[in-house]
Amino acid sequence: MQRRALEIANLNVYFGEGEETFQAVNDVSFSVEKGGSYGLVGESGSGKSTVLRAISGLIDDWDGQISVDGTPLQTKRDKAFYRKIQMVFQDPYASLHPRHTVDRILSEPLKLHGIKDIENRVLTVLDDVGLGKSFRFRYPHQLSGGQRQRVAVARSLMLEPDILLLDEPTSALDVSVQAEILNLLSDLRKERNLTYLMVTHDLAVVAHMCDEIAVMSHGKVVEVMSVEQMRNSEPKEAYTRELLMASKGYDPEFFAAEDA
Amino acid sequence: MIEKETLLSVEDLWVRFPTRNGVVEAVRGISFAVGRERVGIVGESGSGKSMTGRSILRLIRPPGEMTAKEITFKGENLLDYSEKQMRSVRGHKISMVMQDPKFSLNPVMKVGKQISEAYRLHSGASRGQAKRKAIEMLEAVQIRDAERVYNSYPHEVSGGMGQRIMIAMMLIPDPDLLIADEPTSALDVTVQMRVLAIMDKLVKDRGMGLIFISHDLHLVSSFCDRVIIMYGGKIVETCKASELHNAKHPYTRGLLAALPQIDEPKKSLAVLDRDQAWRDQESVVAYD
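These protein sequence lines map, in sequence, to chains A and Y.
Using the numbering used here, the first residue of the first sequence is number 1, and each one after it goes up by one.
Using the numbering used here, the first residue of the second sequence is number 261, and each one after it goes up by one.
Okay, chain Y solo, but in the shape it has when bound:
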């Protein structure tokens, strides 16, 4: 594991959405920290994991509302930043990769232009430099024939390729922290493994921090250093990824038991019995 240095620290984060039937609390007072390591946030749909990722970049759209005591990134409180200052953080120091490349790439703009635009915006490099850098980056995410892909439109590339393009785009400004929200869920397993291997290598080589948001317990426990398990907007448990199979919280245990296993045939799968108490108990602090 990489030595401890806190990159990001979040304290008492809340995300609320006012609706006709009262306020929905998507995230309810969670605190966690991320160093130069791979932290997985796992949970089912509606657990608040994606909202947590978006909150860090202050990307919650109104009428949604986000509050926190502090979100400290490299010693500075992002909550004090103006919208303009935030724009220099987004993509530059903290990047985000979303689930589906189909919706994150501009369909009417060539791939290469989108990547070099991301770079030029943050570095002020010339067109030529940006193009060279973009092609270099496409090669870094193991796209063969990078020149051709540079001149393609998003519909001309496959899903796995699209996701690699997204990752290239997010990594080109050399961020300190990458937030990946289900980055491989839309991909086939074998492609998924390739994309993960690329991210793994980049984290190691660049000493980047990674927040990996996923619903897949198997994947997170095998890929990350540390796991945060969310339920009902709170953190119910946190542990080393390698210790996940020894998880103590009944929710985590329930999730693990509900997974079909290739090598352990079962007559029927365990069904999760949700306990109201899980929603009410205090959120676990996940600083390390």
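Okay, chain A solo, but in the shape it has when bound:
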């Protein structure tokens, strides 16, 4: 049996304190196999991004268990953790420092981890994400949305992680650019044997990228299924069926039954 790259068990995430406490994630469990690609699907407010943020250490207030390669994580993460897991954010217009050059954006993780050989690594990664060295000294405003997202992917690869957390990596992009980025991500996964955990609201994107998906709603996982099952339209939960139908385009019959 393959080892699990990522295992989440009974994860709860809270926002606020005392009476104001809001539980954004409620008893979520799932696991991602090494080299696998797992999709978390749901609508806004379903808690899918919160799960990613809890894993990456951007949120402290969680309980339950998160294990990477069989080792349970503490609330405080060490440097080694960040060499293992990196994250790509949704909006490449917000996730890159507007006053840093591509070179500085990409070298920062290396400097933080005391890695030498910066120049070589930056150039290699730029090549790997299909940008090339001519982009090295540009600022984000000189790049298109797709090029920015390539830089964001490049930054996540600087420390040569095993696992990438992808938070709606293409939802801010045009379809033709989305295709480029999705292809890039698929190629990188193959070449570097990466494990992906991808959050998205777009079922077609998950179907293309992932092997297995978990559907979330109101902080809970309502259904776990393989992409095959989804493709054959076999979801058990009404909510998943609704999502699936909605993603196939507008159908005037859709709400006829509901309104009656």
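It should be emphasised that the hints constitute simulated quantities derived from the structure, not laboratory data.
For each residue, glycine too, the CB sits at the ideal point set by N, CA and C.
Among the clues, some could well be false.
[Claimed, not checked] Okay, the calculated bits of chain A under chain Y, using three or more residues with CB under 8 angstroms as the criterion:
| hint | region |
| --- | --- |
| 1 | 164 to 176 |
| 2 | 180 to 189 |
[Unchecked claim] Keeping only pairs whose Cα atoms sit at most 30 angstroms apart, straight-line, the calculated DSSO-like set for lysine-lysine is:
| hint | chain 1 | residue 1 | chain 2 | residue 2 |
| --- | --- | --- | --- | --- |
| 3 | Y | Lys-526 | A | Lys-248 |
| 4 | Y | Lys-508 | A | Lys-248 |
| 5 | A | Lys-111 | A | Lys-133 |
| 6 | A | Lys-190 | Y | Lys-527 |
| 7 | Y | Lys-373 | Y | Lys-461 |
| 8 | Y | Lys-527 | A | Lys-34 |
| 9 | Y | Lys-500 | Y | Lys-329 |
| 10 | A | Lys-133 | Y | Lys-527 |
| 11 | A | Lys-220 | Y | Lys-362 |
| 12 | A | Lys-34 | A | Lys-84 |
| 13 | A | Lys-236 | Y | Lys-527 |
| 14 | A | Lys-248 | Y | Lys-500 |
| 15 | Y | Lys-527 | A | Lys-248 |
| 16 | Y | Lys-464 | A | Lys-248 |
| 17 | Y | Lys-373 | Y | Lys-329 |
| 18 | A | Lys-190 | Y | Lys-526 |
| 19 | Y | Lys-526 | A | Lys-236 |
| 20 | A | Lys-248 | Y | Lys-461 |
| 21 | Y | Lys-362 | A | Lys-248 |
| 22 | Y | Lys-500 | Y | Lys-334 |
[Said to hold, decoys possible] Coverage of chain Y stretches by chain A, computed from C-beta distances (three or more under 8 angstroms per stretch; other residues unrestricted):
| hint | region |
| --- | --- |
| 23 | 480 to 487 |
| 24 | 524 to 531 |
Chain Y: place on chain A using the hints.
Chain Y only, in chain A's frame:
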């Protein structure tokens, strides 16, 4: 399909923005017409689709500049109208719904007041009448508990609700033509479908014309009667929405191929190869 009657006809529309590096042409000589039907305008960012929508209401802000041979709405050329006359067209005869309710609603004014204000401005109705009408309209866009929403501030309602409020506000003066610029892009898919169903019903019941601006080919082909595809400020192709999958232009075909499909797994997605010739070829006329 609804019978043919031209509501709006646009001929040779240009939108230009002077910049430090010369003039940027956002829309380059397009002509199209809209009847009492649902027309989708599809394109990627920068294709000029939103500018086209705004031009119809003459809402291009200076230094941007818009020119056209004519923009005829119900037999009258809007280009001949004074700014004052235009104000009686905007919202009254032609309404526009923008992408994000967060930016289109006044954050410090109660929802109900904003809706009834829109109505009173155009109809001269009394406060009481306007309130009744506003609540009626909120119910028409399927907001339960309309009274409570009437007395809420925009931050107290969800995104889907906000967009429905926008639609209610735009429809209350009973316009002949609604321009919807990505009206559902900020919404979750299931909410999106509900909002579309409401718009669909209103178009059918009132015989309204609808210009639906979107980047989503799937959605447009399933929702509209006719599709106009824009690229680089020009119309590259137009067809019946049901025929979109048979599109001929390489740009449209490229876009369709780039979409991931749930039921057709592919190893890798087709990447669009942009051809300079697409920018240079003449704009297709989309009268019907």
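Under 8 angstroms between beta-carbons, do enough residues of the region 524 to 531 of chain Y, three at least, approach chain A for the coverage claim to hold? holds (count 6)
Discussion item. Can you confirm whether the C-alpha distance between Lys-190/A and Lys-527/Y stays at or below 30 angstroms?
Written reply: Measuring from Cα to Cα gives roughly 12 angstroms; hence the hint holds.
Legend entry - 30 angstroms Cα cutoff - pair Lys-236/A, Lys-527/Y: Roughly 27 angstroms separates the two Cα atoms, so the pair holds.
- Hint consistency between Lys-527/Y and Lys-248/A [alpha-carbon to alpha-carbon, up to 30 angstroms]: holds (20 angstroms)
Q | Lys-111/A paired with Lys-133/A [C-alpha distance capped at 30 angstroms] | A | Within the cut-off at roughly 20 angstroms; holds.
### Task
Starting from Lys-500/Y, check that the Cα of Lys-329/Y is at most 30 angstroms away, please.
Satisfied, since the Cα-Cα distance of roughly 26 angstroms is no more than 30 angstroms.
* **Proposed proximity, Lys-362/Y with Lys-220/A (alpha carbon, max 30 angstroms)** => Roughly 27 angstroms between the alpha carbons, so the hint for Lys-220/A and Lys-362/Y holds.
Against chain A, does the region 480 to 487 of chain Y show at least 3 residues with beta-carbon separation below 8 angstroms? Holds, because 3 residues of the region 480 to 487 of chain Y bring their Cβ atoms closer than 8 angstroms to Cβ atoms of chain A.
* Asked: Does the alpha-carbon distance linking Lys-248/A and Lys-500/Y stay inside the 30 angstroms limit?
  -> holds (19 angstroms)
Between the region 180 to 189 of chain A and chain Y, are there enough contacts, at least three residues with CB-CB distance under 8 angstroms, for the coverage claim to hold? Satisfied; 5 residues make the cut.
Report task. Verify the proposed pairing of Lys-373/Y with Lys-461/Y, using a straight-line Cα cut of 30 angstroms. Result -> Distance ~25 angstroms between Lys-373/Y and Lys-461/Y Cα, so the pair holds.
Can you confirm whether the C-alpha distance between Lys-508/Y and Lys-248/A stays at or below 30 angstroms?
Roughly 22 angstroms separates the two Cα atoms, so the pair holds.
In the structure shown, a violation is registered for the earlier hint numbered 17 alone.
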